[in-house]
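Chains as they are written, first to last, in my numbering: chain A, 1 to 361; chain B, 1 to 292.
Keep in mind that a hint or two might mislead.
Quick list of in silico lysine-lysine cross-link-like pairs, DSS-like style, CA-CA up to 27 angstroms [unchecked claim]: (1) K5/A x K40/A; (2) K180/A x K256/B; (3) K236/A x K5/A; (4) K286/B x K163/B; (5) K167/A x K256/B; (6) K165/A x K184/A; (7) K165/A x K256/B; (8) K157/A x K184/A; (9) K5/A x K345/A; (10) K236/A x K279/B; (11) K186/A x K40/A; (12) K180/A x K118/B; (13) K256/B x K279/B; (14) K286/B x K166/B; (15) K186/A x K167/A.
Here are some of the chain B residues that sit facing chain A, going by a computed Cβ distance under 8 angstroms [unchecked claim]: (16) Q88; (17) A89; (18) I96; (19) I99; (20) V101; (21) Y103; (22) N107; (23) I108; (24) I224; (25) V231; (26) I235; (27) P239; (28) D265; (29) A266; (30) L272; (31) P280.
Pairwise CB distance ranges (calculated) [what the hints assert, rightly or not]: (32) T128/B x I121/A: 49 to 57 angstroms; (33) Q54/B x G41/A: 38 to 46 angstroms; (34) A257/B x A34/A: 56 to 64 angstroms; (35) T331/A x I130/B: 54 to 62 angstroms; (36) N116/B x T266/A: 13 to 21 angstroms; (37) I225/A x G154/B: 36 to 44 angstroms; (38) K5/A x N116/B: 53 to 61 angstroms; (39) T128/B x K180/A: 35 to 43 angstroms; (40) R333/A x S139/B: 51 to 59 angstroms.
Don't read these hints as lab results, they were simulated from the structure.
All values reported here derive from a predicted model rather than from experimental measurement.
Ideal Cβ positions, reconstructed from N, Cα and C, are used throughout, including at glycine.
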Amino acid sequence: MTKAKRKRLIYNLVTFGLVIVAFIILENMISAKAISRSLKGQLVPICAWIIMAVSLNLVIGFSGELSLGHAGFMSIGAYTGAVVSGWLLAAFDMQDPLLRLVLAILAGGIFAGIFGVLIGIPVLRLRGDYLAIVTLAFGEIIRNLVNVLYIGTADGKLHFAFLNKDKLPAGVSMLVDGAKGAVKIKPISTFEVGFVLILITLIIVLNLVNSRSGRAIQATRDNRIAAESMGVSVTKYKMMAFVTAAVLAGMAGALYGLNSSTVVPTQFTFNQSINVLVFVVLGGLGNVLGSIISATFLTVLPEVLREFADYRMLVYAVVLILVMIFTNNPTTRAFAHRLVAPVKKLVRKDRGETAGGGDVK
Amino acid sequence: MIFLDHLINGLSLGSIYAIIALGYTMVYGIAKMLNFAHGDVIMVGAYVAFCGLQYWGLSPVLAILVAMVACTILGITIEGLAYRPLRQAASLAVLITAIGVSYLLQNIALMIWGANPKSFPTTFINGTSIRLGQLSISSATIITILANVVIMVGLTLFTTKTKMGKAMRCVSEDRGAAELMGINVNRTISLTFAIGSALAAIAGILLCSSYPILQPTTGSMPGIKAFTAAVFGGIGSIPGAMLGGILLGVIEIFGKAYISTELGDAIVFAVLIIVLLVKPAGLLGKPMREKV
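Let the hints inform the model, and build the full structure from the sequences given.
This is the structure in structure tokens:
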């Protein structure tokens with residue numbers, strides 16, 4: 001096994017291990033009732049945000065395209081999930097919540113994936129900031145369209161209306177009610193399903209990234225022209241990353257949407273896309289474990305800061321700016337290196353003594 | 001008649017977008033960064049003017065000047081404290097910092113002025129209206145369009161005739177070469193932020209004169225739209241920002257009037273996408289050439 005391969009294996013094991021350990025600890029805390037109510041309510045959203053962050057990291061960190069409309073895919077997933085779940089219950093009287101949840105999540109993923117393909121075809125022709133603004137535009141368009149969408153169910157059939165609610169036949173029970181959002185959802189999401197979904201996401205993303213296709217994706221990020229001249233189809237691989245991320249975001253959306261009784265369009269604004277972007281950048285581009293940690297931490301942080309009520313978003317903003325400056329400014333980075341250097345030296349010395357030699361550069 | 005009415009409203013809204021878009025495009029051209037906090041500078045400008053009119057008893061002209069000065073100082077401070085340390089950093093890091101600044105401004109505004117919407121007072125800008133036959137044009141519309149023209153001409157003269165303006169164009173073309181020619185890059189970037197922020201104050205006041213509801217999130221949607229306008233016209237290009245802003249305003253008003261009120265924003269963004277697909281660098285943008 002080469003050194004790089006071993007390093008990757010360790011990284012993947014640590015990522016999976018941490019997620020599983022965290023899950024076991026939380027499960028035990030829940031059964032021992034040692035967990036606060038507000039935190040317990042946050043568990044499913046945390047799962048959803050982790051999946052969002054990891055999937056966006058695939059687009060930004062690995063394929064190198066800045067997408068500002070990721071919440072749009074999440075909203076497609078959330079709405080699809082709510083409609084599918086409500087429809088299955090009304091039309092087929094499917095009482096099993098787990099089966100309904102799984103089907104809803106699958107539908108959410110598929111639907112978001114279809115939109116991912118439709119949006120990806122025009123978007124991936126553009127580059128850099130232009131690509132960013134077009135993804136932003138698509139996110140806003142999705143939010144606008146959902147705002148005037150009416151879906152009802154009657155006699156086991158789904159009825160759709162656009163702009164005009166009166167076009168729906170009389171006596172339908174509403175599933176999606178325009179600006180009021182998806183209504184009367186039966187919350188069926190569970191932490192366990194969220195955990196499994198995170199594992200699936202990790203398996204997909206980590207395997208993709210370390211595969212031949214994943215290397216092609218990263219090659220197009222590092223140098224588009226060089227990759228192209230080596231015969232790598234840039235559009236194909238960027239599309240692969242974009243659509244995979246869209247599917248995962250759709251699944252996360254379905255999980256998130258089915259966790260509460262309503263889903264409203266204003267939950268998935270541009271700001272929400274930005275929040276996910278913040279998770280990804282703070283966690284480190286191309287670092288899956290970092291995305292998981294920062295998504296968890298930043299979702300919990302505002303809750304913890306609840307005591308400060310009015311100041312919490314202020315603190316959040318200041319922390320964000322300071323962290324960005326501290327991790328990116330040459331002077332502060334040099335300072336951090338100086339702080340870490342003695343420790344590193346110590347560690348190296350230690351290892352050198354025990355292993356007898358060690359690799360000195 | 002109704003058509004003309006919509007056209008004039010569109011021009012007025014577009015002029016506001018254009019003035020905001022100038023701030024985005026100038027900063028992008030010179031510092032190569034998307035300043036997401038720009039929309040919130042607009043909001044701050046409008047609040048300062050509001051305070052000047054409502055609490056400090058200033059005359060409208062004085063209130064506008066105070067707001068412009070306040071925003072200029074704010075812009076320079078933001079640039080110096082938050083963006084300058086990241087001059088060499090990856091553009092994504094700067095983008096996130098700008099988002100942080102945007103959150104910060106919104107929350108400070110929330111603490112100072114509260115979440116309740118304030119109604120912007122009536123001034124000479126939006127006090128009266130002029131009748132032309134059947135057409136009734138509010139003074140806010142006329143002043144907005146006039147201000148836009150004046151700013152456009154002024155800015156064009158500034159960037160082509162004055163030494164500082166030329167320095168700005170140099171820095172935006174090639175920062176390294178400009179530095180070698182003895183141009184103080186940091187000061188030039190500060191100046192760009194100052195001008196952009198002062199324009200943001202004007203835009204904020206004009207915006208609130210036409211749509212007199214003021215709250216901490218007032219700036220964010222116009223900010224995003226103006227940013228879209230800047231990209232639409234070709235980001236980095238000053239005439240492009242003007243053209244993009246005005247077109248966007250007109251399209252928005254027509255879309256809302258003739259197609260659907262709820263879908264106005266979707267129409268604007270859809271047009272943007274179509275334009276970018278045909279002309280990937282925007283209407284007046286120079287296509288980027290890739291060097292191997």
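Structure-based check of each hint:
| no. | hint | result |
| --- | --- | --- |
| 1 | K5/A x K40/A | violated (38 angstroms) |
| 2 | K180/A x K256/B | holds (21 angstroms) |
| 3 | K236/A x K5/A | holds (26 angstroms) |
| 4 | K286/B x K163/B | holds (24 angstroms) |
| 5 | K167/A x K256/B | holds (21 angstroms) |
| 6 | K165/A x K184/A | holds (17 angstroms) |
| 7 | K165/A x K256/B | holds (19 angstroms) |
| 8 | K157/A x K184/A | holds (17 angstroms) |
| 9 | K5/A x K345/A | holds (25 angstroms) |
| 10 | K236/A x K279/B | holds (22 angstroms) |
| 11 | K186/A x K40/A | holds (18 angstroms) |
| 12 | K180/A x K118/B | holds (26 angstroms) |
| 13 | K256/B x K279/B | holds (25 angstroms) |
| 14 | K286/B x K166/B | holds (19 angstroms) |
| 15 | K186/A x K167/A | holds (26 angstroms) |
| 16 | Q88 | holds (6 angstroms) |
| 17 | A89 | holds (4 angstroms) |
| 18 | I96 | holds (5 angstroms) |
| 19 | I99 | holds (6 angstroms) |
| 20 | V101 | holds (6 angstroms) |
| 21 | Y103 | holds (4 angstroms) |
| 22 | N107 | holds (4 angstroms) |
| 23 | I108 | holds (7 angstroms) |
| 24 | I224 | holds (6 angstroms) |
| 25 | V231 | holds (5 angstroms) |
| 26 | I235 | holds (7 angstroms) |
| 27 | P239 | violated (18 angstroms) |
| 28 | D265 | holds (5 angstroms) |
| 29 | A266 | holds (4 angstroms) |
| 30 | L272 | holds (5 angstroms) |
| 31 | P280 | holds (5 angstroms) |
| 32 | T128/B x I121/A: 49 to 57 angstroms | holds (51 angstroms) |
| 33 | Q54/B x G41/A: 38 to 46 angstroms | holds (42 angstroms) |
| 34 | A257/B x A34/A: 56 to 64 angstroms | holds (59 angstroms) |
| 35 | T331/A x I130/B: 54 to 62 angstroms | holds (57 angstroms) |
| 36 | N116/B x T266/A: 13 to 21 angstroms | holds (19 angstroms) |
| 37 | I225/A x G154/B: 36 to 44 angstroms | holds (42 angstroms) |
| 38 | K5/A x N116/B: 53 to 61 angstroms | holds (60 angstroms) |
| 39 | T128/B x K180/A: 35 to 43 angstroms | holds (40 angstroms) |
| 40 | R333/A x S139/B: 51 to 59 angstroms | holds (54 angstroms) |
Hint compliance for this structure: hints 1, 27 are broken, all remaining hints hold.
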